[in-house]
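Colleague: Spelled out, the chains give:
Number of protein chains: 2
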Amino acid sequence: MRVSEAELAEIPGIVRVENTPAPEVFRIAEREAKESYSSKEIYHDFCTLHAYIDCPPQVVFDYLADIRSLEEFTVSARELEPVDDDGLWVGWDRIVPDTRLYAKVVANRDALTVDYHCAWDQGDELWMVYLYRVVPARTVLGTQGSVLLWTNCHHPHYDVNPRPELAPSKDRLWVGDFWHLFYPGHKIELDNLKAILEYRHANGISIVDSQRQARG
Amino acid sequence: MRVSEAELAEIPGIVRVENTPAPEVFRIAEREAKESYSSKEIYHDFCTLHAYIDCPPQVVFDYLADIRSLEEFTVSARELEPVDDDGLWVGWDRIVPDTRLYAKVVANRDALTVDYHCAWDQGDELWMVYLYRVVPARTVLGTQGSVLLWTNCHHPHYDVNPRPELAPSKDRLWVGDFWHLFYPGHKIELDNLKAILEYRHANGISIVDSQRQARG
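As they're listed, the protein sequences go chains A and B.
All residue numbers for the first sequence refer to the UniProt record's numbering, where the first residue is 1 and numbers rise by one.
All residue numbers for the second sequence refer to the UniProt record's numbering, where the first residue is 1 and numbers rise by one.
It is possible that some hints are incorrect.
Identical chains blur together in the list; that is why a pair holds if it fits in one copy or across any two.
Keeping only pairs whose Cα atoms sit at most 30 Å apart, straight-line, the calculated DSSO-like set for lysine-lysine is [said to hold, decoys possible]:
| no. | residue 1 | residue 2 |
| --- | --- | --- |
| 1 | LYS170 | LYS194 |
| 2 | LYS187 | LYS40 |
| 3 | LYS34 | LYS187 |
| 4 | LYS187 | LYS104 |
| 5 | LYS40 | LYS194 |
| 6 | LYS104 | LYS170 |
| 7 | LYS40 | LYS170 |
Simulated from the structure, these hints should not be mistaken for laboratory data.
Extracted from the complex, chain A is given alone in its bound form (with noise of 0.2 Å):
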């Protein structure tokens, strides 16, 4: 132990064996457990979705890092060009009209994270990311393929617009009027990515051209 047991309990609220024995734990995760949840307590202040995908992480890697299978797999994220050298894109949002996307990749080829750090309308302040982490499955469970986390946190930015002036119209829905539905969306775009991965590596299709894979 690197602290004594003295200062651990100075901190108020803290569960451990030490003061709350095993059967007692049992007895409270039992309590807390609940056989339902309501969809705001699971997804209101972060949007997590899971799916295992049968290509190999690495791939499923190249694949995300490269911001283009936005336009393959988003509903939505279509025509994207580079805005400059600093690897910031713009493109349409078509979900709803005339609607600018700015988006970036950030990527950790080591740690397998990619991000998508996006905006509607400004390339400024970059505030919606799209979190995304693959884990080998091989590791966490006991297979081929990959597993794909993807996470997205409630912003205050999706229940105000800050810059409503450059709106390209006054009854433009914001992003964050759909917010409630950010888990059935991404549900949809996530059975497409797992769909195109699949099939791809099924039928030995490239997934990602040489190109474009040095680019990621």
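Fit chain B to the known structure of chain A by using the hints.
Modeller: Same frame as chain A, now just chain B:
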């Protein structure tokens, strides 16, 4: 676009604005959105917890990357000692009697990921994997501090102990016997972790001492 619409259309089940206009996508998402989800739907295959922690991301990372922190924030992992020079440690899991816990940290400082690869009874196959990712709250919530993501995956060994002969007794509970309690059980530990980090950070108490930090 990297591939043609025709090529994408060959993959069954893909939903994109080209084949499903935006209003129809919203109808599908509204139809699929549920008021509530059963515990099994949410936590059977994967169990993810999220927390906001008012403590800087690098500090949260340093704390998690030191395996001895398990002795503080977990309910029952205790008396960890190094087994070898490869980073394998062994201690006791006090949630059940006489049970050795083997554990190794795999961390990536750039990506702020910290994983504990663990097992009961033996250290040859570390199949119980605790996946953590620290995310700067500035990036995803527009505020100071950290978001912590914590995922466990339902490895088949939770359902069947692969090495029952190593159990200290025939009636010792198996860790997978309480997979259904992982969410409330890990919530206790996440609350501990948040309480420890926020208490020390707010009070200027060293969170990981320098000797331990060097090991992280």
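Colleague: Would you mind marking each hint as holding or not holding in the structure?
Modeller: Hint by hint, here is what the structure shows:
1. LYS170 - LYS194: neither (36 Å within a copy, 42 Å between copies)
2. LYS187 - LYS40: both (17 Å within a copy, 17 Å between copies)
3. LYS34 - LYS187: Both: 23 Å inside a copy, 13 Å across copies.
4. LYS187 - LYS104: Within one copy only: 22 Å inside, 33 Å across.
5. LYS40 - LYS194: both (26 Å within a copy, 22 Å between copies)
6. LYS104 - LYS170: within (27 Å within a copy, 54 Å between copies)
7. LYS40 - LYS170: within (28 Å within a copy, 42 Å between copies)
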